[in-house]
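A.B. asks: Chain by chain, the residues run as shown.
Protein chains: 2
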Amino acid sequence: MANEYPHLIERGLTQESIYRGKMLKVRVDTVALPNGEIAQREIVEHPGAVAMVPLTADGKVVLVRQFRYPINRVTLEIPAGKLEWGEEPEATCARELAEETGLQAATLEKLTEVVVTPGYSNEKIGIFKATGLTKIAALSEADEFIDIVELPLSEAIAMVQRGEIQDAKTVVALLWLSQA
Amino acid sequence: MANEYPHLIERGLTQESIYRGKMLKVRVDTVALPNGEIAQREIVEHPGAVAMVPLTADGKVVLVRQFRYPINRVTLEIPAGKLEWGEEPEATCARELAEETGLQAATLEKLTEVVVTPGYSNEKIGIFKATGLTKIAALSEADEFIDIVELPLSEAIAMVQRGEIQDAKTVVALLWLSQA
Numbered sequence: 000m001a002n003e004y005p006h007l008i009e010r011g012l013t014q015e016s017i018y019r020g021k022m023l024k025v026r027v028d029t030v031a032l033p034n035g036e037i038a039q040r041e042i043v044e045h046p047g048a049v050a051m052v053p054l055t056a057d058g059k060v061v062l063v064r065q066f067r068y069p070i071n072r073v074t075l076e077i078p079a080g081k082l083e084w085g086e087e088p089e090a091t092c093a094r095e096l097a098e099e100t101g102l103q104a105a106t107l108e109k110l111t112e113v114v115v116t117p118g119y120s121n122e123k124i125g126i127f128k129a130t131g132l133t134k135i136a137a138l139s140e141a142d143e144f145i146d147i148v149e150l151p152l153s154e155a156i157a158m159v160q161r162g163e164i165q166d167a168k169t170v171v172a173l174l175w176l177s178q179a
Numbered sequence: 000m001a002n003e004y005p006h007l008i009e010r011g012l013t014q015e016s017i018y019r020g021k022m023l024k025v026r027v028d029t030v031a032l033p034n035g036e037i038a039q040r041e042i043v044e045h046p047g048a049v050a051m052v053p054l055t056a057d058g059k060v061v062l063v064r065q066f067r068y069p070i071n072r073v074t075l076e077i078p079a080g081k082l083e084w085g086e087e088p089e090a091t092c093a094r095e096l097a098e099e100t101g102l103q104a105a106t107l108e109k110l111t112e113v114v115v116t117p118g119y120s121n122e123k124i125g126i127f128k129a130t131g132l133t134k135i136a137a138l139s140e141a142d143e144f145i146d147i148v149e150l151p152l153s154e155a156i157a158m159v160q161r162g163e164i165q166d167a168k169t170v171v172a173l174l175w176l177s178q179a
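Just so you know, the protein sequences line up as chains A and B, in that order. Numbering that gives the first Met the number 0 puts the first sequence at residues 0 to 179. Numbering that gives the first Met the number 0 puts the second sequence at residues 0 to 179.
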C-alpha cells in the first residue's frame with residue numbers, strides 16, 4: 000500500500016538504540032519526510048503479541064483479572080502474551096492460554112490483527128478465538144498474579160458497553176464476537 | 000476496584016527516569032509484588048489521547064490516511080491526538096479535528112475510553128463521535144502529511160471486518176458505531 004502514496008512516505012536514514020531493558024527496547028531513527036526535511040522518530044520495539052477469547056461450550060468467555068501497574072488499575076482482559084523470537088503466533092496462544100488459565104484449545108481461529116500504538120511502537124496483536132477447551136494443568140505461574148474469571152459472553156460484552164472493560168484488545172475481540 | 004483485590008496489587012517503591020525524548024518518556028519502577036518479592040516495571044509515560052469519528056450528515060466518516068513509520072505502513076485511522084498538559088479532552092478533539100481535517104464539530108459525544116498497552120504504558124484514549132461538522136479552515140499543518148478520506152460508515156466497518164483497517168482505536172470506534 001505504501002508505494003501507492005509516495006507523498007506520505009517517510010524514509011528511514013539512521014537508527015540509534017537508546018534503551019534496551021528487560022521488556023522495552025527504545026530507538027530513535029532519523030527519517031526523511033515526504034518533503035525531504037529531516038525529522039526524528041522515537042520507537043518502542045515490540046516482538047508482537049497474541050490475544051485470544053477462550054470460549055466454552057456453554058457460551059462463556061474465560062478472562063483474566065490482573066493488576067496493571069502502569070495504569071494503577073485491576074483489569075479484566077482476554078489471555079494474551081508476547082511472541083518469543085521466531086515463535087509462531089499459534090504456539091504463543093497455546094503457551095499463554097495454558098500459563099494463564101490452565102486450558103488447552105482444540106481450535107484456534109484468527110479473528111483479526113490490530114496495531115495498538117502505530118505512532119510510536121511496532122506492536123501488533125493477533126486476535127484469536129479459542130474453542131474446544133480442556134483443562135490440562137493446575138496453575139503454577141510463579142511470575143503472574145492473576146484470577147481467572149468466567150463470564151457469559153453477553154455479560155462480557157455488556158461490560159464493554161458500560162465501559163467496565165477498557166483494554167483495547169479485549170474490547171476489539173468482544174465487539175468482534177458480538178457481531179458474529 | 001484495586002482495594003477489592005489485595006492479592007493482585009503491586010506497590011510502587013521507587014521510580015527512575017530512563018529516557019526523556021521529544022515524544023516518549025520511559026521510566027523504570029521498582030515494585031513490591033503481592034507476595035512481597037521485588038520486581039521492576041518498565042513504563043512508557045503518556046499524557047493520554049483522544050480520537051474521534053467525524054460523522055457527516057449523510058452518514059460518512061472522515062478518516063485520515065497517513066504513513067506510520069514504526070510499522071512501515073500507510074494506515075486509515077480516525078483523527079486523533081495527544082492531550083497537551085492540562086488540556087480538557089474536548090479541547091484536544093477540537094484542535095486535532097481542525098488540524099487534521101479542517102473541520103469543526105457542533106457536538107462531541109464520548110463513546111468510551113480504552114487503554115491500549117496496559118502492560119507497559121499508561122496511555123488512555125478517549126473515543127468520541129463528532130457530528131454537526133462544518134468546514135472552518137484550509138489545511139496548513141506543516142508537520143503532518145496526511146490525506147483526508149471520506150467513506151460511508153458501512154464501508155469503513157466493512158474494511159475493519161476485512162482486516163484492511165487495523166488501528167485499534169479506529170477498530171474500536173467503528174465496531175462501536177456498528178452496534179449503535
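To be clear, the hints were calculated from the coordinates, so they are not data collected in a lab. One should not assume that every hint holds.
[Claimed, not checked] Here chain B is said to cover these stretches of chain A; the calculated rule only asks that three of the stretch's residues, wherever they fall, bring their Cβ under 8 Å from a Cβ of chain B:
# : region
1 : 18-30
2 : 84-94
3 : 99-108
4 : 128-137
5 : 144-155
6 : 161-170
Quick reminder that beta carbons are idealized off the backbone N, C-alpha and C, glycines included.
A.B. asks: Now tell me if each hint is right for this structure.
C.D. replies: Hints versus structure:
1. 18-30: Since 9 is at least three, the answer is holds.
2. 84-94: violated (count 0)
3. 99-108: violated (count 0)
4. 128-137: Coverage by chain B is violated for the region 128-137 of chain A (0 residues, Cβ < 8 Å).
5. 144-155: holds (count 3)
6. 161-170: holds (count 6)
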